[in-house]
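Peer 1: Here is what each chain is made of, one letter per residue.
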Amino acid sequence: MPDEIILRIAHMMIDELKLEDVTAETFDPDIDLIDEVGIDSMDLATIALIIRDEYGIRIDEDDYPKLTTIRLLAGYIEEKLKTAQENN
Amino acid sequence: MKTVSSLLNDDWNERYRRISRLNIRSSIYDVTDHCNLRCKGCFFFSSNEHKAAKEETDIKKWKAFIEREIERGVNLAILIGGEPTLCMDRVEAFYRRLPTFCATNGLIKVPRERLPHMMVGISIWGDEKTEKTLRGKDTFALSSKNYEGDPHAYYLYTITPKQIGKTEPVIKKIRDVGLKVHMQLLSNDEKVDGFSWRPEELKDIRMEMDDMLDKYQDTVISSRYYHEIITTGKMLGRSFGWAECPSVTEPLDNREPRPRRLINFIRWASDLKIMHRCCTSETRDCTTCKDGAAHMSWVMVNKRMHMNSARDLQNWIEVCEMFAKLYQFIPW
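Which chain is which? The protein sequence lines are A and B, in order. Taking our numbering, the leading residue of the first sequence gets 1, the next gets one more, and so forth. Taking our numbering, the leading residue of the second sequence gets 1001, the next gets one more, and so forth.
These are calculated hints, taken from the structure and not from any lab test. Predicted model only: the values in this text are computed from it and were never measured. Worth double-checking, as some hints may not be accurate.
[Claimed, not checked] List time: in silico DSS-like cross-link candidates among lysine-lysine, alpha-carbon distance up to 30 Å:
(1) Lys18/A <-> Lys1002/B
(2) Lys1166/B <-> Lys1203/B
(3) Lys1180/B <-> Lys1109/B
(4) Lys1132/B <-> Lys1203/B
(5) Lys1325/B <-> Lys1180/B
(6) Lys66/A <-> Lys1325/B
(7) Lys1002/B <-> Lys66/A
(8) Lys18/A <-> Lys1234/B
Let's have the full structure, built from the sequences with the hints guiding it.
Peer 2: Here it is as structure tokens:
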């Protein structure tokens, strides 16, 4: 499940942010999105909207600073999905 | 994929990291509809924005409004007017709760015992003659007395076409009173004869601004890239204008396609209810807008566009640093 999410987020980033010279498969899930890829909070807000639509999960803007890699984002989604399942 | 560390050496990388994590969320507030000057070309009066709303006078309502703005995520209040210092209680209410910048003509001194660290941007439109022509008086004579040596104040020099070849004495006199200066260009909203920019004048002033930055590095807060952007209206092949401007009030922004923009940005009228379209006047032609902050923001919101080469990314960093200095997020 986390690997699937990682791959899906990588696809989202490449498609939505028009990242070049990288594929979902070659996108390092541990690369720092802000310090290295140059993503900013507007980019993150865009990705957060797609995640909301696909997974039904809302990412608080206050959480953006800690979601610095694709792996961390995937872990955040997984955690929220688990919590949602437990509550149902 | 190009990465930051593949483009920058260690020094630039450090500067990048410092600046890219600031996450500034600004909004602009008309503090009052009144002013103690009536400058020709002031967008606020030329577009009748002073009549757009009946200003709120109840300080409790201002304080409640500021709390709502904090809740909305604003972390930088930019106070404009009219002349904000005519309503010091409102200015102080912002300052007590938020990082605050106050634009002023400098004729009234901000009481530093009440607002010790608030950044003040003092407007100046040129030499004595131009100031008298456009503003009715030489404001520098008084504003420089009020703010001499103030570490939390700088001059915002709005350069007009009449100032070509004459900026150096203005910058020198600002330096001599121990203050910094940032330059922007007049958008001739009232079509005062001879004060609209022609292409060759923009080329000349760009060179002059570069020259002033090189010569007065301790006084001028600017960057060459900013000079290029504001004088050409072009950024990496794109043109500034309505379709690109980042400083449009978010709830009124129905542009498609949606450009990269300032998140949560609103410019509020002084009734605390009406929102203005953008950071400047609605009547201004966006293709000739020379607003300095809008052009800086245009660069800042387009970071990844500047990740094609080391020089482009360094340009982006320099503009961000300039903005952060002007609003006191990093030291001079």
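Peer 1: Against the 30 Å threshold, does the CA-CA distance of Lys18/A and Lys1002/B hold or violate the hint?
Peer 2: With a Cα-Cα distance of about 12 Å, the restraint between Lys18/A and Lys1002/B holds, given a limit of 30 Å.
Peer 1: Do the alpha carbons of Lys1180/B and Lys1109/B lie within 30 Å of each other, as the hint requires?
Peer 2: This hinted pair holds, its Cα atoms lying about 17 Å apart.
Peer 1: Tell me if the straight-line CA distance from Lys1002/B to Lys66/A falls inside 30 Å.
Peer 2: Answer holds: Lys1002/B to Lys66/A is near 23 Å, not above 30 Å.
Peer 1: Are the Cα positions of Lys1166/B and Lys1203/B separated by 30 Å at most?
Peer 2: At roughly 15 Å apart (the allowed maximum being 30 Å), Lys1203/B and Lys1166/B satisfy the hint.
Peer 1: Taking only the CA atoms, is the gap from Lys1132/B to Lys1203/B under or equal to 30 Å?
Peer 2: Given pair Lys1132/B, Lys1203/B holds - Cα atoms ~26 Å apart, limit 30 Å.
Peer 1: Compare the distance between the alpha carbons of Lys18/A and Lys1234/B with 30 Å, and conclude whether the hinted pair is satisfied.
Peer 2: Roughly 22 Å separates the two Cα atoms, so the pair holds.
Peer 1: Holds or violated: Lys66/A with Lys1325/B, Cα cutoff 30 Å?
Peer 2: Holds, at about 26 Å.
Peer 1: Given the hint that Lys1325/B pairs with Lys1180/B, test it: the Cα-Cα distance must not exceed 30 Å.
Peer 2: Holds, because 11 Å separates the two Cα atoms, which is no more than 30 Å.
Of the hints listed earlier, there is not a single one the structure fails to meet.
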